[in-house]
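Peer 1: So the chains spell out like this:
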Amino acid sequence: MPQMGVSVAEGTIVEWRKRPGDWVEADETVCVATTDKVDVEIPSPASGRLARVLAEEGETVDVGAPLAELDPGARPGEAHPEEHDEGGAATEADREPELERPPAAAEVADGGEVDRSRFYSPVVRRIADKHGIDLELVPGTGIGGRVRKRDLLAYIESGDPAPAKAPSKQLHTESPYIPEGELAASKREPMTLMRKRIAEHMTASRQTSAHCTTIVEADLSRVVAARATLKEEMARREVSLTYLAFVAEATVAELQRHPILNASIEGDEIVYHDDVNLGIAVALEQGLIVPVIKRAQRLSLEGLAAEIGRLAERARAGRLDPDDVHGGTFTITNPGQFGAVLATPIINQPQVAILDLEAVVKRPVVVEGEDGDSIAIRPITYLCMSWDHRALDGAVAARFLAAVKDRLEGWEAR
Amino acid sequence: MAELTYLEAISDGLRQEMRRDESVFCLGEDIGAFGGAFKVTDGFVEEFGADRVLDTPLAENLIVGASIGAAIEGMKPVAEMQFADFISCGFDQLVNVAAKLHYRQGVAVPMVVRLPSGGGFSGGPFHSQNPEAWFLQAPGLKVVAPASAEDAKGLLVSAIRDPNPVCYLEHKGLYRHVKGEVPEGDFEVALGEARIAREGEEMTVIAYGSAVQMALDAAEELDESIEVVDLRTLCPLDTEAILATARKTGKVLVAHEATQSCGVGAEVASVISEHAFEDLDAPVRRLTTPDVPIPFSPPLEQAVLPQPDQIKEACRELLAY
Chain L
1 MPQMGVSVAE
11 GTIVEWRKRP
21 GDWVEADETV
31 CVATTDKVDV
41 EIPSPASGRL
51 ARVLAEEGET
61 VDVGAPLAEL
71 DPGARPGEAH
81 PEEHDEGGAA
91 TEADREPELE
101 RPPAAAEVAD
111 GGEVDRSRFY
121 SPVVRRIADK
131 HGIDLELVPG
141 TGIGGRVRKR
151 DLLAYIESGD
161 PAPAKAPSKQ
171 LHTESPYIPE
181 GELAASKREP
191 MTLMRKRIAE
201 HMTASRQTSA
211 HCTTIVEADL
221 SRVVAARATL
231 KEEMARREVS
241 LTYLAFVAEA
251 TVAELQRHPI
261 LNASIEGDEI
271 VYHDDVNLGI
281 AVALEQGLIV
291 PVIKRAQRLS
301 LEGLAAEIGR
311 LAERARAGRL
321 DPDDVHGGTF
331 TITNPGQFGA
341 VLATPIINQP
351 QVAILDLEAV
361 VKRPVVVEGE
371 DGDSIAIRPI
381 TYLCMSWDHR
391 ALDGAVAARF
401 LAAVKDRLEG
411 WEAR
Chain D
1001 MAELTYLEAI
1011 SDGLRQEMRR
1021 DESVFCLGED
1031 IGAFGGAFKV
1041 TDGFVEEFGA
1051 DRVLDTPLAE
1061 NLIVGASIGA
1071 AIEGMKPVAE
1081 MQFADFISCG
1091 FDQLVNVAAK
1101 LHYRQGVAVP
1111 MVVRLPSGGG
1121 FSGGPFHSQN
1131 PEAWFLQAPG
1141 LKVVAPASAE
1151 DAKGLLVSAI
1161 RDPNPVCYLE
1171 HKGLYRHVKG
1181 EVPEGDFEVA
1191 LGEARIAREG
1201 EEMTVIAYGS
1211 AVQMALDAAE
1221 ELDESIEVVD
1231 LRTLCPLDTE
1241 AILATARKTG
1251 KVLVAHEATQ
1261 SCGVGAEVAS
1271 VISEHAFEDL
1281 DAPVRRLTTP
1291 DVPIPFSPPL
1301 EQAVLPQPDQ
1311 IKEACRELLA
1321 Y
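Just so you know, the sequences run in chain order L and D. Just so it is clear: in the first sequence, position 36 is 36 by the working numbering, and no numbers are missing. Just so it is clear: in the second sequence, position 317 is 1317 by the working numbering, and no numbers are missing.
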């Protein structure tokens, strides 16, 4: 398992692109590993034949631990040397096992039976499609738990859906309340790895932090005006200036003045961070990822806008580096665009707060002027922040939010 | 019906055709007075005379060439190679002349080349080969390889009556070891038709020649629902039967004594993957002799030729897959 980022200690195998017996060129991808959230293609360090896979799909491996054995002495198309070691003359059965080995899942670490429980042969897929059967529910009795044609036919004949296989890892999210039988005919599909990770992280966060949410209203008139002025100029430099960038700028500035919000809890200690590493939640087709702007305090409004744009684009393209998602000290989430106005986000551990920016909506508001009060139409948004009551109290959270609000409402070009 | 050995069935078919049709004659090395190296034509010279049972010089090129000439002139020669291995000396006549004449000049070449093939008796590299795949690369030839006494007769009769040059592979190991009921008198087995030697549901062994009996024994001993298909004709290949059984069982082992690369097993596996992929429940497997010359040493020869236990083991693995 290569060192995929300075802070990465382990990786989980998502899929093997090569099977034992396959020829692999140097730098060719042999497998895909995921760190917390980012998938990384692992290249082969040399050319050779993949002799043995030591970590199966789904297995988590420490950085530096071996993933597979490569036989660099082999040549493409040449028989595997081990095949000739076992007996006198080569019999057909020994001779070309790699050619006859079925396309199956990776081997388990101890070199035991290949897990084929998720490999479905063409005929099995076809019959399952025809009968609308979820193969996950069919007990497999073939080698490595494979669902054989006869297993499937027997299953169809029995007309009796078997219980689903227990997931390999029990998540906190598993509900104990599924009524027996009632949901049997519903569709089931395995969670994607990202879904599982989100489920684990969110549930763990809820169980770790004492969540509270504080909400302030902010008048973004000056931000709207500033954006109108700056937008085109930045666009010429290919920077998209969003409201999020303004909020990020104000947040970063105030985090430096309210260090308890740029902190994390470790055991009985509170750790204050010098740098503001600002996480920006980015929605993906099938999930969510939080790339981090490192040392965001160095960046101007335009710098932040550019960095947000760059990371979001890389996130959507699936091209984030593992380091891009690590080391965050505070997170902003901005589901925006669908018009929701309030939310109570879940803290991104081990941080102590998360700020939610929802829609900017024009509202009638009371404006206090020298001539008395009047009603005006103003672009309003709600800044919703969930914070950890273990680290701070409501007054601190409110003071911080008020400072961010003031900064936005009194926006001056900086 | 009479119970005949595989060898007797070949003799019976040949004798019957020579009696029926005066244009049928045979030629080869020591087939007359000596009755043939394996005694297939024992007593033939006495019955049919030296004009119809020709002893030739040790020159396979001549044997095949003379056969072609006779065939063009309306005769139906049945040439014997003393060992199938020696056909290489007559190869040009066979693949370039006999196989192509009809295509080039519209001339039929109704002849049969009998090829005693196969190992298992310490014959070494020159007397043990199974060269059928060579001929599958020469369009214009038909190739048959009977596994039973009944087919040995029926296929030989059909081969003699066919207007094309036919390579008739007779496995030496089956000559005296295989026997069975063989219809008496006029009896044909159509070229190009495989035979289901044993019905089954769970998997299929597709075999021909010496591997058929091994497959049948394996199926019996395992007591599983294993289908055994005997190809009987290798060209034209009965792809319909191959695909039907592949679609039925979804698991196929192809077994033959010939070497593996580009062999009949490769062709069968390819046909299946091309046309029955969606019916497969397992990879198509091959059990063959590895790509090596056949050793003289009995233990080494045993180690390279497919053995009954290996077929059983391969069946077990496919069934379990």
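Hint data in this document are derived by calculation from the structure and do not stem from the laboratory. Idealized CB from N, CA, C, for every residue including glycine. Just to be clear, a hint being listed does not mean it is correct.
Claimed, not checked - Heads up, incomplete: computed chain L residues facing chain D, CB under 7 Å, no partners named: (1) Pro-122; (2) Ala-128; (3) Lys-130; (4) Ile-143; (5) Arg-298; (6) Ser-300; (7) Val-365.
Unchecked claim - Pairwise CB distance ranges, derived in the manner of DEER restraints: (8) D:Asn-1096 <-> L:Asp-22: 40 to 50 Å; (9) L:Asp-22 <-> D:Glu-1193: 53 to 63 Å; (10) D:Asn-1096 <-> L:Gly-73: 36 to 46 Å; (11) D:Asp-1223 <-> L:Gly-287: 14 to 24 Å; (12) D:Leu-1222 <-> L:Ala-9: 31 to 41 Å; (13) D:Arg-1019 <-> L:Asp-129: 34 to 44 Å; (14) D:His-1275 <-> L:Glu-157: 24 to 34 Å; (15) L:Asp-22 <-> D:Asp-1092: 41 to 51 Å; (16) L:Asp-27 <-> D:Glu-1221: 49 to 59 Å.
Peer 1: Indicate, hint by hint, whether the structure satisfies it.
Peer 2: Each hint tested on the structure:
| no. | hint | verdict |
| --- | --- | --- |
| 1 | Pro-122 | holds, 5 Å |
| 2 | Ala-128 | violated, 12 Å |
| 3 | Lys-130 | violated, 11 Å |
| 4 | Ile-143 | holds, 5 Å |
| 5 | Arg-298 | violated, 58 Å |
| 6 | Ser-300 | violated, 60 Å |
| 7 | Val-365 | violated, 66 Å |
| 8 | D:Asn-1096 <-> L:Asp-22: 40 to 50 Å | holds, 41 Å |
| 9 | L:Asp-22 <-> D:Glu-1193: 53 to 63 Å | violated, 40 Å |
| 10 | D:Asn-1096 <-> L:Gly-73: 36 to 46 Å | holds, 44 Å |
| 11 | D:Asp-1223 <-> L:Gly-287: 14 to 24 Å | violated, 52 Å |
| 12 | D:Leu-1222 <-> L:Ala-9: 31 to 41 Å | violated, 51 Å |
| 13 | D:Arg-1019 <-> L:Asp-129: 34 to 44 Å | violated, 60 Å |
| 14 | D:His-1275 <-> L:Glu-157: 24 to 34 Å | holds, 27 Å |
| 15 | L:Asp-22 <-> D:Asp-1092: 41 to 51 Å | holds, 42 Å |
| 16 | L:Asp-27 <-> D:Glu-1221: 49 to 59 Å | holds, 50 Å |
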